[in-house]
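For reference, the chains in residue letters:
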Amino acid sequence: MFGDYSIGDLGSIFVMQGFAGLILFSVYVLMALGLAIIFGQMGVINMAHGEFMILGAYVTWMTSNFFQAYLPGLFAGYFFLAMILAFIVSGALGMLVEWALIRHLYKRPLDTLLATWGLSLILQQAYRSIFGAREVGVELPQWMLGSLNLSDSIQIPINGIFVMTLTLLITAVVGYLMYKSRWGRQVRAVVQNRIMAGAVGINTEKVDRYTFGLGCGIAGIAGSAFTMIGSTGPTSGQLYIVDTFLVVVFGGAASLLGTIASAFSISQTQSTLEFFLSGSMAKVITLLAVVGILMLRPQGLFALKVRK
Amino acid sequence: MTANRFVNRSELIGILVLAAFLVVILPLCLDVFRLNLVAKYLTYAFVALGLVICWGYGGILSLGQGVFFGLGGYCMAMFLKLEASSVENTKIQSTPGIPDFMDWNQITSLPYFWRPFHSLTFTIAAIILVPGIFALIIGAAMFKRRVGGTYFAIITQAVAAILTILIVGQQGYTGGINGMTDLRTLKGWDIRPDHAKIVLYFFEVGCLFACIFIAQFIRHSKLGRILIAMRDKEDRVRFSGYSVANFKIFAFTVAAVFSAIGGAMFALNVGFMSPSFVGIVPSIEMVIYTAVGGRLSILGAVYGTLLVNFAKTSLSESFPELWLFGLGGLFIAVVLAFPDGIAGIWADYVQPRIDRLVGSRKPGWVASIDSSVADGAPAE
Amino acid sequence: MSDENKQGLQSAFRRKLLMGMAAIPALTMLPRPSFADTPATSAINTTGLAVTDTEVTVGILHSATGTMAISETGSIESEKLAIAQINEAGGILGRKIKIIQEDGASDWPTFAEKAKKLLVNDKVAAIMGCWTSASRKAVLPVLEQYNGMLYYPTFYEGLEQSKNVIYTGQEATQQILAGLNWINKEHGAKTFFFVGSDYIWPRTSNKIARKHVEQHLTGCKVVGEEYYPLGNTQFNSVINKIKLTKPDVIFTDVVGGSNVAFYKQLKAAGIDLSKQLLLTISVTEDEIDGIGGENIAGAYACMKYFQSLDNPNNKLFVPAFKKMWGEKTVIGDVTQAAYLGPWLWKLTAEKAGSFDVDKIAAASPGIEFKGAPEGYVRIHENHHLWSKTRVGRAKLDGQFELVFETKDLVEPDPFPKGYQ
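Residue numbers (this note's numbering), protein chains in the order written: chain A, 1 to 308; chain B, 1001 to 1380; chain C, 2001 to 2420.
Bear in mind the hints are in silico, worked out from the structure with no lab data behind them. Mixed in with the good hints, there may be bad ones.
[Unchecked claim] Below 30 angstroms or equal to it, Euclidean Cα-Cα: the simulated BS3-like pairs (lysine-lysine) are:
| id | chain 1 | residue 1 | chain 2 | residue 2 |
| --- | --- | --- | --- | --- |
| 1 | C | K2322 | C | K2388 |
| 2 | C | K2359 | B | K1197 |
| 3 | B | K1197 | C | K2211 |
| 4 | C | K2388 | C | K2211 |
| 5 | C | K2098 | B | K1312 |
| 6 | C | K2351 | C | K2388 |
| 7 | A | K107 | B | K1144 |
| 8 | B | K1091 | C | K2207 |
| 9 | B | K1187 | C | K2163 |
| 10 | A | K107 | B | K1233 |
[What the hints assert, rightly or not] Which chain A residues face chain B? A few, computed with CB under 8 angstroms, are given here:
| id | residue |
| --- | --- |
| 11 | G43 |
| 12 | Q124 |
| 13 | L177 |
| 14 | V242 |
All C-beta atoms, glycine included, are put in the ideal place defined by N, C-alpha and C.
The following block holds chain A by itself, in its conformation from the complex (with noise of 0.2 angstroms):
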């Protein structure tokens, strides 16, 4: 398929299919790092992840609005504040739901399947009665447009380097939070030892609490940077679930690098498959490989070892 096509036509479209393969790597990371926070430490599927995506994508899609109509003067910056919204609204509603849902079935984790997947209707349905079952189009700022020319043929979306780069930051964030931080340290305690985590003062329901919403609040921030690459409706979140799923079970749940690693892993299979096959077969085998080695390996990745 390349014989028609010059030595520098392909070199450009290798360096911007690693930039796809790469900014396909941010989306996923992004995605999961909510769910895997909340499964990883609480052992909590949260069903509901998609939609509290959702939720910080019609905040952002408010905010938008909200400054058009009164500080158009402020337009081009509107979307930090819209994640930082996101990230408090998602995070706030998250915690509400785990005072009123999870915190009652911390011992049957198969249950909060059902009941967050039973949110994840209610939500739905929500957001159709509240926004409408249309399509809401979030405008952006003129430079989050377009694409960084590095050279003549080679362009790179500034979206995508924006996923980049906020994906970099919240990893980081989260990393420093869970690994260096006295807080992090409390949340690892009542991981490994609920009881005698609280044996030593640590309140592990508040840890709990927070948990969960820095979980839901870092699936708002996705949600809302998603309003630039993809849609916001009710049901958008079902688009991502398959997914991030897929990405958290695959990097063994229990640990974020698993995460980065599955994420990694399956997006650069995917993205080399989309461009010597057609995407719909591509992802068929990137689904394939991914269930095929959970066959072989079905505690993912990096698991936790874990006596059963």
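Fit chains B and C to the given chain A structure using the hints.
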């Protein structure tokens, strides 16, 4: 309760009541249209029944039962579709004699894996074996390596997602997102008119009771007791010398086969099969039927399925919006407040009163389930 | 006609209501039926449909929930508008239309179940509904078994024709061919790259487009054909392939949420639609609402209706629609096609002098609707519509600017010879 009888007295009464309800009361009260709806709902009851065994007793939550429902349904639908695509019926196509969707996708001869489906015997075997073997493979891969709990649930979900994408993507061979529609006859017998629907309904109820008896048998055999023991204290069962993985694989496979039978019934009763039953959403909805009925109650699974679907149909006729809130609320309520569903409510509130009315007879089946009511989910 | 009335009215609200009524084309343009206004029920309904002396019942069957609600909402709205207008104008054969609305919930078997309910239990005289091909395929056997009548609004892949369905949208050849010819002639386009969602409609449409490009347009070829699963949100790889192959035209039939992702990423990748030709058959004004005008401005869309069409019918239709459903709603091709359904049914019933499905089906060919917002349509013997094909160019505000329309009505050809 004697161990070698697989139905005790009050269970027998329960089964008879259900039989009377399904065989006598519903056909007398409902017109053919509604009866056909009930037939459609009951196809999900097969899945719910399977989930009672694998989730309620075995503690294995599968969020991918739609996969097996779909495999069974597609096997049946392939047979029916081939029969509906006789050369005579399809003479306007460029290649007569193959299913219409193949013709639209420029396939000019019947693919090799379709050919055996000309035979009804092969089809019936495939309905049982294809999902059964598939479940066996997944189960062996997962349980031998001691994967369980939430993790297993998510992997089954991934399988459901993959199968959906495969079916939709390979539309020349599967009918794609449209599914296989316009199924007409079974061995020359038209399955569409009203009298056929009635016959099919009774046939389905018959199969359902066969499955109920199998489930009862499993539940009361030594095997069923090991399953429950395993769910509650997996390690102790393992240290007692049992192969936990094999029992789990068995429960999962039985559930898969039940689902597949339900799927085949669906194709027969509804005349239709589509990838929308294979995906994540229907699979999870099927779990809620079991949860509403009571995850430990075999008969509850049937009632739960009927109740949720009746509610869905009637509520969504008048208040489609309310329905989603209702369904979502139902998930949460069942999990938070009534982890044992209708069966639990019955056992806790209704049965004692009936007993008081009838006399001081010992409530047999309440006692038989109460030990397992306390905590439906397995210890991780 | 409404000038005198306007003066007498105080509120803007009432004025708008009258504008809505003014959109009733039948009042001014159509001959009155020749028989008495209210014929006896027994004469016009011999098959036990839900027709009383004052009312006739129709079903509306779309997804109000689930993933397809995004697209189908517009169709529900315009069907309700048409029915309200018909009722304002006196109904059909002296009977007001009563609506029973059912939710297909984006689930094909539910569509079949609800269609059966509408036909068997409610005995509706006609169903306005379905959107995706899959839902129509699910409903079709039910319609044929219980002899119902469906008015189906979406442009679709063809390869189907039923006595029990009137297809008010365009079939694939009708929609695509004129657009391809135009872009070839007007812009000298020679190379085409196809991108679609992976299901039957895009695949069939692209198959037809490919045959046309390769066999009927001299010196033209297809340099790429790519499909992505429904709901896919990452298109960077295919965009790179487009950059590599440098086609004259990107021809797209991506649907749903993927649409939004595709155009946003295309724009971000530096493909400037004011320079790069892009012809889509799946983006209407409804979709642009979600995509955002700035992401798609410059692209060409090929279909039969745009909200911006400049004709007297449309000038009445658009305000009436906005009056009923809000100033911000937009009207896409399918929404307009859905609006035709109740009107065509009314005209057919009046011509047949009956609500009986068989008589409606038999009377349908040749029915003309001169009040159609798209201009003028006529029902073909194959139950599809004769209609014009138009090409519009997307503008920043989310509207299309008409750049081309076929001179004559294009004949619907659901089983195109040489394209299969």
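Check whether the Cα positions of K2098 (chain C) and K1312 (chain B) lie no farther apart than 30 angstroms. Given pair K2098 (chain C), K1312 (chain B) holds - Cα atoms ~24 angstroms apart, limit 30 angstroms.
Does K2207 (chain C) lie within 30 angstroms of K1091 (chain B) when you go C-alpha to C-alpha? 22 angstroms, holds
Hint check, V242 (chain A) versus chain B [nearest Cβ-Cβ separation less than 8 angstroms]: 4 angstroms, holds
K107 (chain A) paired with K1233 (chain B) [C-alpha distance capped at 30 angstroms]: 14 angstroms, holds
Does K2211 (chain C) sit within 30 angstroms of K1197 (chain B), going by the straight-line distance between their CA atoms? The given pair, whose Cα atoms are some 44 angstroms apart, is violated under the 30 angstroms limit.
Hint check: K2359 (chain C) vs K1197 (chain B), CA-CA at most 30 angstroms. Holds or violated? With a Cα-Cα distance of about 29 angstroms, the restraint between K2359 (chain C) and K1197 (chain B) holds, given a limit of 30 angstroms.
Holds or violated: K2351 (chain C) with K2388 (chain C), Cα cutoff 30 angstroms? 24 angstroms, holds
With the threshold set at 30 angstroms, check whether the alpha-carbon distance from K2322 (chain C) to K2388 (chain C) stays at or below it. 24 angstroms, holds
Does the alpha-carbon distance linking K1187 (chain B) and K2163 (chain C) stay inside the 30 angstroms limit? Holds, at roughly 27 angstroms.
Does the interface hint hold: is Q124 (chain A) within less than 8 angstroms of chain B, judged Cβ to Cβ? Since chain B brings a Cβ to about 7 angstroms from Q124 (chain A), closer than 8 angstroms, the hint holds.
Is the shortest C-beta separation between G43 (chain A) and chain B less than 8 angstroms? Cβ of G43 (chain A) sits 7 angstroms from chain B, so the hint holds.
Does the structure keep K2388 (chain C) and K2211 (chain C) at a Cα separation of 30 angstroms or less? 22 angstroms, holds
Against the hints set out earlier in the document, violations occur for numbers 3 and 13.
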